Amino acid sequence: MKRFLDLADFEPAQIRDLLALAQRLQDSPEPGALAGKILGLVFFNPSLRTLSSFQAGMARLGGSSFVITPGQGTWQLETRLNAVMNGGAAEHIREGIPVLASYCDALGVRAFAEGKNLEQDLGESLFRMIDELCDKPLINLESAVNHPCQALADWKTMDDLAVPQRAKFVLSWVYHPRALPLAVPAATLHMAAQRGMEVVVARPEGYALPESIMNKARAAAAAAGGSVSETTDRAAAMAGAQVLYAKEWGTTAHYGDADADQRLRAELTDWCVRESWFKHAARGAKFMHCLPVRRNVAVADEILDGPRAVVRREAFNRMVVQMAVLYRMLKS
Amino acid sequence: MKRFLDLADFEPAQIRDLLALAQRLQDSPEPGALAGKILGLVFFNPSLRTLSSFQAGMARLGGSSFVITPGQGTWQLETRLNAVMNGGAAEHIREGIPVLASYCDALGVRAFAEGKNLEQDLGESLFRMIDELCDKPLINLESAVNHPCQALADWKTMDDLAVPQRAKFVLSWVYHPRALPLAVPAATLHMAAQRGMEVVVARPEGYALPESIMNKARAAAAAAGGSVSETTDRAAAMAGAQVLYAKEWGTTAHYGDADADQRLRAELTDWCVRESWFKHAARGAKFMHCLPVRRNVAVADEILDGPRAVVRREAFNRMVVQMAVLYRMLKS
Amino acid sequence: MKRFLDLADFEPAQIRDLLALAQRLQDSPEPGALAGKILGLVFFNPSLRTLSSFQAGMARLGGSSFVITPGQGTWQLETRLNAVMNGGAAEHIREGIPVLASYCDALGVRAFAEGKNLEQDLGESLFRMIDELCDKPLINLESAVNHPCQALADWKTMDDLAVPQRAKFVLSWVYHPRALPLAVPAATLHMAAQRGMEVVVARPEGYALPESIMNKARAAAAAAGGSVSETTDRAAAMAGAQVLYAKEWGTTAHYGDADADQRLRAELTDWCVRESWFKHAARGAKFMHCLPVRRNVAVADEILDGPRAVVRREAFNRMVVQMAVLYRMLKS
Chain A
0 MKRFLDLADF
10 EPAQIRDLLA
20 LAQRLQDSPE
30 PGALAGKILG
40 LVFFNPSLRT
50 LSSFQAGMAR
60 LGGSSFVITP
70 GQGTWQLETR
80 LNAVMNGGAA
90 EHIREGIPVL
100 ASYCDALGVR
110 AFAEGKNLEQ
120 DLGESLFRMI
130 DELCDKPLIN
140 LESAVNHPCQ
150 ALADWKTMDD
160 LAVPQRAKFV
170 LSWVYHPRAL
180 PLAVPAATLH
190 MAAQRGMEVV
200 VARPEGYALP
210 ESIMNKARAA
220 AAAAGGSVSE
230 TTDRAAAMAG
240 AQVLYAKEWG
250 TTAHYGDADA
260 DQRLRAELTD
270 WCVRESWFKH
280 AARGAKFMHC
290 LPVRRNVAVA
300 DEILDGPRAV
310 VRREAFNRMV
320 VQMAVLYRML
330 KS
Chain B
0 MKRFLDLADF
10 EPAQIRDLLA
20 LAQRLQDSPE
30 PGALAGKILG
40 LVFFNPSLRT
50 LSSFQAGMAR
60 LGGSSFVITP
70 GQGTWQLETR
80 LNAVMNGGAA
90 EHIREGIPVL
100 ASYCDALGVR
110 AFAEGKNLEQ
120 DLGESLFRMI
130 DELCDKPLIN
140 LESAVNHPCQ
150 ALADWKTMDD
160 LAVPQRAKFV
170 LSWVYHPRAL
180 PLAVPAATLH
190 MAAQRGMEVV
200 VARPEGYALP
210 ESIMNKARAA
220 AAAAGGSVSE
230 TTDRAAAMAG
240 AQVLYAKEWG
250 TTAHYGDADA
260 DQRLRAELTD
270 WCVRESWFKH
280 AARGAKFMHC
290 LPVRRNVAVA
300 DEILDGPRAV
310 VRREAFNRMV
320 VQMAVLYRML
330 KS
Chain C
0 MKRFLDLADF
10 EPAQIRDLLA
20 LAQRLQDSPE
30 PGALAGKILG
40 LVFFNPSLRT
50 LSSFQAGMAR
60 LGGSSFVITP
70 GQGTWQLETR
80 LNAVMNGGAA
90 EHIREGIPVL
100 ASYCDALGVR
110 AFAEGKNLEQ
120 DLGESLFRMI
130 DELCDKPLIN
140 LESAVNHPCQ
150 ALADWKTMDD
160 LAVPQRAKFV
170 LSWVYHPRAL
180 PLAVPAATLH
190 MAAQRGMEVV
200 VARPEGYALP
210 ESIMNKARAA
220 AAAAGGSVSE
230 TTDRAAAMAG
240 AQVLYAKEWG
250 TTAHYGDADA
260 DQRLRAELTD
270 WCVRESWFKH
280 AARGAKFMHC
290 LPVRRNVAVA
300 DEILDGPRAV
310 VRREAFNRMV
320 VQMAVLYRML
330 KS
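So the protein lines, in turn, are chains A, B and C. So in numbering that gives the first Met the number 0, the last one in the first sequence is 331, and the numbering has no gaps at all. So in numbering that gives the first Met the number 0, the last one in the second sequence is 331, and the numbering has no gaps at all. So in numbering that gives the first Met the number 0, the last one in the third sequence is 331, and the numbering has no gaps at all.
These aren't lab readings, by the way, just hints derived from the structure by calculation. None of the values given here were measured: they were computed from a predicted structure. Careful: at least some of the hints might be erroneous.
Stated by the list, open to error - Reference listing, derived: stretches of chain C covered by chain B, where coverage requires no fewer than 3 residues with Cβ under 8 Å from a Cβ of chain B:
1) 29-37
2) 77-85
3) 90-97
4) 100-106
Stated by the list, open to error - Stretch-level coverage of chain B by chain C, calculated; a stretch enters the list once three of its residues show a Cβ under 8 Å from a Cβ in chain C:
5) 48-54
6) 281-293
7) 299-309
8) 313-322
Cβ atoms here follow ideal geometry from the backbone N, Cα and C, with glycine treated the same way.
Between the sequences and the hints, there should be enough to build the whole structure, so can you do that?
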């Protein structure tokens, strides 16, 4: 495996195969598998789980990591092509990425969406550039509209919990003080569709996911025998749901317009998940979230501290599935 | 060993046993003892010695580490129970700590006192919460009122230097531009008491250590055959002293009141250790400090560059004793 | 090897020997050579290549590293002798450096020039103090006026490309929005002189390299059978050049005077390397730069993206030659 950039690049069978490898490595550790291998990790944006789980996972396989955080201990990196670099950035990724790639055996990069122009973010122009610049195996640690490591961990979490393939999976928008990127909702939607689930996206007016993302998920659902639909009716969505996956994201109706987004979301503070949301859900319905989560803003304590929440397992599975990705990329 | 949170949790015999292990590992390295083991290190506050000595010690035993610094490359973490998280913190330690613990084999956490409410800081409420959230071995890298790694290193330093058990040990307040936490003075006092020394706390009016801390030390001294007293008379304290341990801390008379503290300490700039302090001390009396230390503010160059100072040895012993703690926790 | 501070401390034969070791380790990896060894890395200033290549190189030899960044996660460190430390710095390097050295088997330190007083920076007073304080092998990761790791990597890069020993090597000043240190130009000049090349320094009025640096290079050139000259005539310098090494630096005529420097450099924005510079250069002339580089400010895209640029190879060779330095220092 030379690239792990989007779950959509893999067939469901390949994903199940990767998950089986993850389980095998969990059950039968191979502490020397990646001895001498080096993972480079570049974080243009903050991280807790990705930062620690990749370093821990690499170490569990006998390998090493180094971390680069542009602007913190390292120069700010320019990403625009043909830029006249007389601003804050001292180095261009056209130098930075190939140089870092030359020091390691695989490179992981996190670069969130710019959040100004929707078409541009949907086009993943920055990650495409990084992809071209990196001649080593490359892992997407969250790009403008993707987060395949999270999606793979979430798939495994549902497998671990024996959530049926055809179960009803609700991806619901939840409140947050600010507009967040589309990466996790897009990746989650596609993952659930690809797994063959009955997926419903519940979101307020103004927060519909972009049509290209919906269409890509619909195609995956069709291939896998599932379905994708969307609604503003939260209660209807939750009826019979076996999984509620909550996520915060910014308005797509006024993408990149922080003021318009604030006006819209000011009315939406009741999109904070509480136990009452589950009144007509399936018995034992689970609550998922990729973390970090703002307690009592996006999700109430009663949910996160209650028996439905499987968020810690999702987070633990980040390390588990990433070890499988690293193993596929680097095991000689 | 599942917890290393407070030297007071251990009997003196257990501590001497741990110090013997530290010496054994120093004399006969075991470079593969913790192969494949992973230490997670979480720093809510700055560090030099702890950050580097734990990573180095873990590596010397064949293990690995990762470092998380909330607010620097990682989300700010909320610590208040039931908080409505609409401020700067994106994640709660109720998620953060269990997730990080799930990636590693032992977790170390540094979280200084809030410094507003004395009872609350004395209660170690934050560290108690972290303790409950962490299902892996846990190490206190300095909490509100404790710093057991420093205390253990200081105990070993006195053993290395053959400072007698019954020696006179002066813990003296020294000047600093700002109020610093009580963690080191509290831990140092208890360590010297537990070692059975004749401990005198010298501090100006307004800087008495809290009664609960004094009482806990008195009990330890009684059990070990030593004593604990306190005075504002620095010269009397220093008479016959074999060890002077200098430390900066904030007023307890007006705890959390920065202005009142400033007014008090403005008169106390002569509490800067100089050679003249040792006029009536025992021959060859030693000078100790946990570092970092402000030269010519808390302690004069002539002391730190002179033969009394054993501060570098104390710092080196941080790594040595921490290796014993890690070994006890993680060696299969 | 106990010190790697300045290429001038080594005979050309010793350098060639070190480069041969670098090549040998590249061709025949020794993944266990430094097992159990620990490298401490201290960065007073930002880094991308040094930070990652030292960690990666150490890991490729089986060793470990830790990173300390004063002011970021670690206390600010005072460097002035006899300072009364009532400002921002909580710790002095007189404590910090020996303590860090005591945790590791070799220490690397980056500390740029203060950039205020030329004589003081030329005297390397800070690095001399660090040198005295460190009782472990010490590596200069870029000091006030030196950067031996970069110089060694550049020497190897020219060897890799079969640039003849007697080739014409132009070190040219290029534009940058701010005054940068003299470390790389000084180290580069000396390296090319020591390699026996025909070295020409091309720089505008006001940007002559200090006489002591020029004289040191002239002596090295004389010993190696090469030459060193300087000119403000860029075109003349480039005639027949086989290598153009571009570098930004601050005025020496008004050293430490940011305003005067700005007035001078405001007229010099055409010192941005373009293909036209190579009109009368030797066939196949190469372009070198230590990175980071500001595209279209110091060097045009057409150069960095074209066939002359060997900057990525220079950066890769940083890791390669540093592994040889570490091997010499730490291999038992």
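Here is what the structure says about each hint:
A stretch counts as covered by a chain when three or more of its residues have a beta carbon under 8 Å from one of that chain; for the stretch 29-37 of chain C and chain B the count is 3, and the coverage holds. Taking a C-beta to C-beta cut-off of 8 Å, the stretch 77-85 of chain C contributes 6 residues in contact with chain B, enough for the three needed, and the coverage statement holds. Judged by the Cβ-Cβ criterion of 8 Å, the stretch 90-97 of chain C is covered by chain B as claimed, because 6 of its residues qualify and three suffice. Beta-carbon proximity to chain B at under 8 Å applies to 3 residues in the stretch 100-106 of chain C; the threshold of 3 is reached and the given coverage holds.
Counting residues of the stretch 48-54 of chain B whose CB lies closer than 8 Å to any CB of chain C gives 5, which reaches the minimum of 3, so the coverage claim holds. For the stretch 281-293 of chain B, the stated coverage by chain C is satisfied: 4 residues place a CB nearer than 8 Å to a CB of that chain, which reaches the threshold of 3. For a cut-off of 8 Å, the count of residues in the stretch 299-309 of chain B with a CB near a CB of chain C stands at 3, and the three-residue condition holds. Coverage of a stretch by a chain is defined here by at least three residues with a beta carbon nearer than 8 Å to that chain's beta carbons; for the stretch 313-322 of chain B and chain C the count is 3, and the condition holds.
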